[in-house]
Amino acid sequence: MKLLRISVAALFAALLAVPALAGAPKPVIKIESPGQCIAPAEEMRRNHMEMLKHQRDRTMRHGIRGEKASLNECINCHASKATGSVLGKDGFCQECHSYAAVKLDCWDCHQPKAGFKATGAKP
Amino acid sequence: MNEPQDKVQDSGRRGFIGAAAAAGAGLGVAALAPGLHLIEVAGATSATARAAGEPAPSTVRWGMLIDTAKCASGCDACVQACNTENGIVETVKDARQGSQWIRKIDLKDPKNGRTHSLPMMCQHCENPPCVDVCPTGASMKRADGIVLVDRHICIGCRYCMMACPYKARSFVHQPLDTQNPEVPRGIGCVESCTFCVQRVDKGMQPACVEACPEGAMLFGDLNDPNSGIAQRIAREATTQVRADLKLNVGVRYQGI
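Note that the protein sequences, when read in sequence, are chains A and B.
Be aware that the first sequence starts at 1, since it is given in the numbering used here, and climbs by one per residue.
Be aware that the second sequence starts at 1001, since it is given in the numbering used here, and climbs by one per residue.
Careful, some of the hints might be misleading.
[To be verified] Estimated spans, in silico, between C-beta atoms of each pair: (1) B/Met1162 x A/Lys117: 32 to 42 Å; (2) B/Ala1069 x A/Arg58: 37 to 47 Å; (3) B/Arg1242 x A/His54: 36 to 46 Å; (4) A/Lys103 x B/Gly1074: 40 to 50 Å; (5) A/Val102 x B/Ser1058: 34 to 44 Å; (6) A/Asp90 x B/Thr1059: 47 to 57 Å.
Hint data in this document are derived by calculation from the structure and do not stem from the laboratory.
Values in this document were obtained by computation on a predicted structure and should not be read as measured data.
The beta-carbon is built from N, C-alpha and C at its ideal position, and this holds for glycine as well.
With the rest of the complex left out, here is chain A (with noise of 0.2 Å):
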């Protein structure tokens, strides 16, 4: 037992030994609006998703208002100037949610383009 822990060991540090992946894609991040986000990158990348998961409850179960995190601040800032929208071809959610084959739930609900004016119609 404790040879085979070993042996599995020994083939997850070959693995990562090997520089296979150097050449791989990499998405492309277009920042539109560079500038200092509410996070160093590094932190945005790994925990946005805990961010907005802790504040969408506290926003809409309790009220709270003026979060850090806040998804439309996110659109705000990082909707492409072309299209509007954080979606589409280099949109800058989809982009990585595509690389990482990671759905997007948020935008079934919330609205993806940046300052977009709602309009009514007759029921």
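Since the structure of chain A is already known, use the hints to place chain B on it.
Leaving out everything else, chain B in the frame of chain A:
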């Protein structure tokens, strides 16, 4: 000899008291002693936006009073304002499946021919049946009495639509792309009137109240005895629709 020095000390003391009073006035609070306040305004009226980071206060209960004597048959300004504010655009073939947060109802008493017209929407019950039946906890009542659907955990079972005695909730059948950025809504979720929670949190009135050309709708804090709505309810006869269900609704009607 000591006079100039005294003056300096005095002005310093006055300056301090003045600054403290100004700080108190800025907060809308006149402090009599630590923890004891003469006037406390923050969060009590709809004219005040809640400070960032503050949760909805449980001391407030938002409500609405609708005077049906002023509500004109054929006028749907409230419905239009609601649709514009909340980004509701009809995209379904079957109109019965369209979202309807507020609707106009014309009633006629067949015995004497008397007619009423009134807007009907989520009544924001104190004991909401939709919250009772929700299997996931998505249907919820906020601390200030506003009944909402947390779409993050709504599974679209529509049990709340069955439970609601006011037929106030709608289900979104189709993908949407015309939402107001401040009012997320989407496919597979149940939705209903939110009292324009995004406006109320900013100290504004709901869109329908602001749009009513007759001023038939009054919005305010039912718990605050000084608010316009509480004073009118204390003074005049008002009705809760289906009061027999003992839901203690937040929307009251006059003249029905």
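Now for the hints, and whether the structure bears them out:
1. B/Met1162 x A/Lys117: 32 to 42 Å: Roughly 35 Å apart at Cβ, these two residues keep to the hinted range, so it holds.
2. B/Ala1069 x A/Arg58: 37 to 47 Å: Since B/Ala1069 and A/Arg58 have Cβ atoms about 42 Å apart, the given range 37 to 47 Å holds.
3. B/Arg1242 x A/His54: 36 to 46 Å: 38 Å Cβ-Cβ, so the 36 to 46 Å window holds.
4. A/Lys103 x B/Gly1074: 40 to 50 Å: 46 Å Cβ-Cβ, so the 40 to 50 Å window holds.
5. A/Val102 x B/Ser1058: 34 to 44 Å: 38 Å, holds
6. A/Asp90 x B/Thr1059: 47 to 57 Å: Holds: the Cβ-Cβ distance is about 48 Å, inside 47 to 57 Å.
Violation of the numbered hints given earlier is absent; every hint is satisfied by the structure.
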